[in-house]
Amino acid sequence: MRVLIVGEVPFVDTLAGLCRARDHKVDLFLADDLQDQAALDRMVRAATRCQLAIESLNESQTAKLWLVEGVEVNLPPDAPLLVSALSASATEIASWTDHPARVVGYGLLPPITVAGMVEFAPALQTDFEIAAHARRFWEDLGFEVVRVPDSAGLARPRIVCSWINEAVRVMAATGVTVEDLDLALQLGMNAPRGPLTWADEIGLDVVLGTLEGLLRYWGHERYRPAPLLRQKVYAGHLGKKTGRGFYKYDAV
Amino acid sequence: MHIAIVGAGTAGARIAQAVALNATQVTLHDADESAMRRALDRVSRALDRDVARGTLDRARARRARRVFSLAGTLEGCAGAAIVIEAVSDNLALKRAVFSALDEIVPASTILGTTSHALSITTIAAGTRRPERVIGLHFARQAHQMRLVEVVRGARTSPDVVDRAQTFLRAIGKTPLIVPDMPGQIVNRVAQAYTGEALHLLDDGGLEITTIDRLMEAAGFPLGPFHLIDDLGVEATLTLSRAIFEATYYAAPYRPHPRLERLVEAGRIGGEQASGFYDLPGAVSRAEK
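From first to last, the protein sequence lines stand for chains A and B. Here numbering that gives the first Met the number 0 is used: the first sequence runs in plain steps of one and ends on residue 251. Here numbering that gives the first Met the number 0 is used: the second sequence runs in plain steps of one and ends on residue 287.
Think of the hints as simulated: they come from the structure by calculation, not from any bench. Check before you lean on any hint, since a few could be wrong.
Not everything, but these chain B residues come out facing chain A in the computed CB check (under 10 Å) [claimed, not checked]:
#1 Met35
#2 Leu39
#3 Leu69
#4 Ala138
#5 Val160
#6 Arg187
#7 Ala191
#8 Gly194
#9 Asp202
#10 Pro251
#11 Val262
#12 Glu263
Simulated coverage check for chain A against chain B, where a stretch passes if three residues somewhere in it have a Cβ under 8 Å from a Cβ of chain B [claimed, not checked]:
#13 27-40
#14 74-84
#15 106-118
#16 161-168
Bear in mind that the values here come from a model prediction, so they are computed numbers and not experimental data. Positions of the beta carbon are idealized from the N, C-alpha and C atoms, including for glycine.
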């Protein structure tokens, strides 16, 4: 199958790897590169000939809207569009498109080393056949498909990003160091990694985008992003992918 | 070093076990004689199990039993360098323990409290020596988990902080100095994990088993509902209320009604009781 993958690291790299392992032909584009007209033209050409498209961009509502519209309008009419429902619900994303029936939501959370569980969330508009097709696609990649209700942040990203947000709030309020905070949660909760390390893996912009999506969806101040998180994103400290988030990393 | 532990509930017993393996003398006291016996039994069985599993040296287990003693009265704790209070998280009860200790132990004794929901400064204010009072918040599996959150009250002396850390390192723990706030760091942040799962449950469409499976697949050893049951539904609710109060009733920290309903139904979670999950053979407290 010819698969178009567009969006942000580390999500798109992982997806591209898993697709290639199943012998899909992959056209991969980073959202950042699409500022360049030549790259954008290439993406549009790839969209017109793909059989399925996957989108993963959650750093901001406007960027996501622009990308989803730009991809969807060029897809063949029968190609499903799988959209990452972290910063907006699949139903909302589908509402931006010309053919909302082909839009199916999903949720993954880095680090993804092997295909594990994928959250699967058809939109209210999704056509039944398309949803079944999308489910088979995920299963074929090796994922266990877990159906979750469609809402911004779905299940895992919602819980993990809320947990990260509280960790950032506590750190900012108490002056506990980044290292101590991560150590406390690793040792005290047996978390697989500290919340700040995890935020760096996911990307602080994606964590922020998910929290903003949750805030918009629910309107509850529980999801209001910690100001420090926003400051880090303004500063370009987005995590591993930019070499600096809560921690510093060697050049990538 | 002689360490005394006041309160022989689950937490007290686990702390006593951790300490017994590394201290020269451990005294466990509880006003309830049968609770003390149960704790001794429990520590003894835990040591046997670890020896049988090969995770504990037979000689070390023998030594732990030898240094372990029960004290029928609080006076039995008088000789300890550190007294660790591990009674229920109730201010009146804790203050009663500390004011009794005030009359018994010498001025140099460090008074540790395991409270996770109460302010150390508040507990310390009820004693004649607030500078000797320090929070020692052991992880829930105190006998296995390394982390101990060390809470400095407003008047805790730096010397007491140093000595408490030295003691904790000596028994193989990792001390971490944390601010005096309900839940300290671990429970405060962990509550966002369990709390968000409760809200997710409210939306319908997902079973607790599915939510737990998703989070366990993401690498957490316990999914949120397994974690609440493990900590105890009632303990989780108590902590949640304390955090809500301490944040001056900020909306994000509102305790979840589901916890309240479970507790009312007697499903208090913890070791011997059902919570979100049914524990085979457990009876709810309401039926007892």
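Hints, verified against the model:
Residue-level restraint check for Met35/B is violated (minimum Cβ-Cβ distance to chain A is 28 Å; threshold 10 Å). Given the 10 Å rule on beta carbons, the hint for Leu39/B is violated: about 27 Å separates it from the nearest Cβ of chain A. Because the beta carbon of Leu69/B sits about 29 Å from the nearest beta carbon in chain A, more than 10 Å, this interface hint is broken. A hinted interface residue such as Ala138/B counts as satisfied when its beta carbon comes closer than 10 Å to some beta carbon of chain A; here the least separation is about 5 Å, so the hint holds.
Taking 10 Å as the C-beta cut-off, the interface hint given for Val160/B is violated, the closest approach to chain A being about 15 Å. A distance limit of 10 Å between C-beta atoms decides the matter here; for Arg187/B the minimum to chain A is near 6 Å, and the interface restraint holds. At its closest, the beta carbon of Ala191/B sits 4 Å from a beta carbon of chain A; the interface hint therefore holds under the 10 Å criterion. Given the 10 Å rule on beta carbons, the hint for Gly194/B holds: about 8 Å separates it from the nearest Cβ of chain A.
Checking Asp202/B against chain A by beta carbon gives a least distance of about 6 Å; that is within 10 Å, so the hint holds. The beta carbon of Pro251/B comes within 4 Å of a beta carbon in chain A, closer than 10 Å, and the hint placing it at the interface holds. For Val262/B, the interface hint is violated, the least distance from its beta-carbon to any beta-carbon of chain A being 22 Å, above 10 Å. Interface hint at Glu263/B: violated, since its Cβ lies 24 Å from the closest Cβ of chain A, which is beyond the 10 Å cut-off.
By the rule of at least three residues with a Cβ nearer than 8 Å to a Cβ of chain B, the coverage given for the segment 27-40 of chain A is violated, with 0 such residues. Given as covered by chain B, the segment 74-84 of chain A fails the check, having 0 residues with a CB less than 8 Å from a CB of that chain where 3 are the minimum. Closer than 8 Å: that is the beta-carbon criterion, and the segment 106-118 of chain A has 4 residues meeting it against chain B, so the requirement of 3 holds. Here's how the segment 161-168 of chain A fares: 5 of its residues keep a CB closer than 8 Å to some CB of chain B, so the rule of at least three is met and the hint holds.
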